[in-house]
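Each chain, letter by letter, is given below.
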Amino acid sequence: MKRKPTAAELEILGVLWRLGPSTVREIHEEMQKRQEAGYTTVLKLMQIMTEKGLLARDERERAHVYRPVMKQEETQRQIVTDLMERAFGGSAAQLVLRALSAKKSSKAELQEIREMLDRMEGGGEQ
Amino acid sequence: MINALIQWMEGPYGTTMSRALLHFLWEGLALAIMAAVILRLLDRGSPRARYGVACVFLLAMLAAPVVTSLLLLPDGALPQNLAPVREARNATGWMRPIDGAESSWLPTVMALWLAGTLVFAMRAAGGWCLAVWQLSSGRSPAPEAVVSRVLELSHRLGISRRLRVFASARAVAPAVFGAIRPVLVLPASVITGLPPAQLEAILAHELAHVSRHDFLVNCLQSVVEVLLFYHPAVWWLSRRIRQERELCCDVVAVEVCGDAMVYSRALLQLEESRQAFAMAATGGSLKDRIERLLQRPPKKQWELRQITAPLLAGVLVTLALAVVFSGAPLLGLPQPAPSSPYDTWANQDVAYIMSSQERQAWNALRTDEEREMFIRQFWERRDPTPGTPPNEMKVEHYRRIAYSNDRWRSPQSAGWATARGYIYIVNGPPDEIESHPSEHREEWLYADGRLYRFSGEDYDLKEQTTLKRGEVPIMEQIVVERIPEPKRSALRARLAGFVGQPNSNELMDRIRAAAREVDGTLTYLWSLNPQTRNASLILAEAGAPDAMAGPQFPTGDDARVRIGANVMAAKRTFAPPPEYPSTAKIRGISGVVMVMMVVGTDGRVRHTYATAGPAELKPAAEAAVRQWIYQPTILDGQPVEVTTTAPVPFQLE
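Residue numbers (the working numbering), protein chains in the order written: chain U, 7 to 132; chain Z, 19 to 671.
It cannot be assumed that every hint is accurate.
[To be verified] Here are the simulated distance ranges between beta carbons:
1) Z/R188 - U/W23: 56 to 66 angstroms
2) U/R68 - Z/Q293: 54 to 64 angstroms
3) U/R63 - Z/H173: 53 to 63 angstroms
4) U/V75 - Z/D61: 49 to 59 angstroms
[Unchecked claim] Okay, derived cross-link-like pairs now, DSS-like style, lysine-lysine, Cα gap no bigger than 30 angstroms in a straight line:
5) Z/K412 - Z/K636
6) U/K110 - Z/K305
7) U/K77 - U/K109
8) Z/K603 - Z/K636
9) U/K50 - U/K109
10) Z/K305 - U/K109
11) Z/K305 - U/K113
12) U/K110 - U/K10
13) U/K77 - U/K50
These are computed hints drawn from the structure, not numbers from a lab.
In this text, a Cβ means the ideal position worked out from N, Cα and C, and glycines have one as well.
This is chain U alone, in the form it adopts within the complex:
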């Protein structure tokens, strides 16, 4: 599942969706119109986004060209879904009858359970 973009990342994605694949300089110029943004900050952010998988990088030229991986509609849909889940997720979970509704067990607890089951099986039924 892809990570949800943060507010700053969304801004950059917004610019990319508008301008199409662009270099860091072009993005930076566009963002300067709205607010003060350092070039290095924008560069760093876009590099992180590439690592996250939100952007793809074309390294054929000396100035790398970035493009968004997901289409705008997809991202928007994902944001809306996320909001819905945050708002109503608890309520939805209560309405559905699940086999497993317990709190998430920690790794330690899982280990304990496994050992307990192994012990009971190995030592014969009690």
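On the provided structure of chain U, position chain Z as indicated by the hints.
Same frame as chain U, now just chain Z:
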């Protein structure tokens, strides 16, 4: 429509419901404590027992505000025919029940509750839509093998409804949804990943939910959670029900697959595969659940003495809250019986003048006929002229109430319920009033030396003193200015010696005797200086209208001749009713005229002066009073003149 809603909220039904919702704060706590204790006691028992108990308590929580509302609904809140208690209603019906500041609270409470219910209802609706979407997206019909397994298990568990089974790429854990045409959604990983025996156990668990109609119960829980959203006890109990429900279905799953180990392994597998995904949790910990399955005793064991202490504490806290809440006027839990017009009469109209014996007798009455009889006798006992139709005491009493309501009404309370209203109704009009409105201060002085001090925003009674023996006031001055010469000088000379003497009844007698030597027809009024408490005597010629009304006297009040005289009018032996002036009758003017008069030693009325009441009725009132005959007042064996005031009522039929 908003206006209609606001009106309902402020009406009797709305305010009763608000009170019931507030009472639920302690009722819910009490129920939760009881449930917690019982569930603890049943800890070693079957989950079914605990599930049942928890559900019963949740129903009780739902019922509590309804029952409370029914208990709180006052009869008097509903409009009804007050014909039988005409006396209590008293023609003008201004004895409104105290609403006061507390009532303005309750509609706000109701509004907040409605808002909260709306919010939580929207949340539930949103959750429903989200759940449906989550279970619908990315699903496809399950493989045949699974479907046939499901059918088989359905038969075994006695489920008649057709179940629809789906495999889903989105689902994280197996889920069941719906009551009429239930849907079973299985994650693809579960279908392929679990060995057949474990899969069957999981299916059995889900189908157990269907066979037990758990979905409907769950929906009912949601309804309760929306209606009683503001009480954490409701949320706690609801969560507990869900936990026990899972344990119940676990039991069924183990029964079906025959092996607790297999089922436990299946659960563990499910948990491990969902580790990567966040999922809202409604249950307890998996470890506890598996431990119970394998019939290991739960770690916590409670002995009896460990329960009694918290139980006792819980009961005490609940009782304390209950007492606090029912004591507070905000919630207005009525005491013995809901209010009726009779209660209004007893608790408002005559509350100040009913003796404790009478009150005891009143409380013992059971039927309305008895009450009517009591009311009749109550007034008869107080009628100064039992032979004549008008009951002057009753008229005077209600006049005082009307006066109080008129003068001292405030948004916080009706006039009769204020401090000044109370003193006025019980003692009658004071002889002197000194008012300082800018300082919110007022002082009342009665002829027998009682002094009442009112101060503060609400003019509360701050001080109540009586003249001490050593502080007998002196006769400060004798005013003869109203008397024309030559009598004036003669009186001044004759009475000069009395000025400066300590005031007393004897002194008043002597002054009167001396004044009569000069002129036998004089009338006199006296006043008390509130600061020094010294007396002044004002003499005036008989019949002079302004002689009767001096600036020292507030309107409509009695003038006392003697210190310590009886507050009520002297005994009247002949008092024909006044003639109703036709002009006033036509115009519908009615009311009570206060007539000041001097009653001579022979009992006949000498001078009259109407001080208060409708102007159109004053001449007729005075004319009537002039025909009255009193029993002469005897003091030390001698008949004396008295100045007194009497109400003359005019009632339109």
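Each hint tested on the structure:
At about 27 angstroms, the beta-carbon gap between Z/R188 and U/W23 misses the expected band of 56 to 66 angstroms. At roughly 44 angstroms, the beta-carbon separation of U/R68 and Z/Q293 lies outside the given 54 to 64 angstroms, and the hint is violated. Between U/R63 and Z/H173 the C-beta distance comes to about 59 angstroms, which sits within the given range of 53 to 63 angstroms. Distance hint for U/V75 and Z/D61: a CB-CB separation of about 54 angstroms, consistent with the stated range 49 to 59 angstroms.
Proposed proximity of Z/K412 and Z/K636 is supported: the alpha carbons are some 20 angstroms apart, at most 30 angstroms. At most 30 angstroms may separate the alpha-carbon atoms for a hinted pair to count; U/K110 and Z/K305 meet this at roughly 10 angstroms. Distance hint between U/K77 and U/K109 is unfulfilled; the C-alpha atoms sit about 35 angstroms from each other, more than 30 angstroms. A distance of roughly 13 angstroms separates the Cα atoms of Z/K603 and Z/K636; the hinted pair therefore holds under the 30 angstroms criterion.
With a CA separation close to 38 angstroms, the supplied pair U/K50 and U/K109 exceeds the 30 angstroms bound. Straight-line distance between C-alpha atoms of Z/K305 and U/K109 comes to about 10 angstroms, which keeps the hinted pair within the 30 angstroms bound. Between the alpha carbons of Z/K305 and U/K113 the distance comes to roughly 12 angstroms, so the proposed pair stays at or under 30 angstroms and holds. Annotation: proposed proximity of U/K110 to U/K10 holds, straight-line Cα distance about 22 angstroms (limit 30 angstroms).
Distance restraint check for U/K77 and U/K50: the Cα-Cα separation of roughly 22 angstroms lies within the 30 angstroms cut-off, and the hinted pair is therefore satisfied.
In summary, the numbered hints that this structure violates are 1, 2, 7 and 9.
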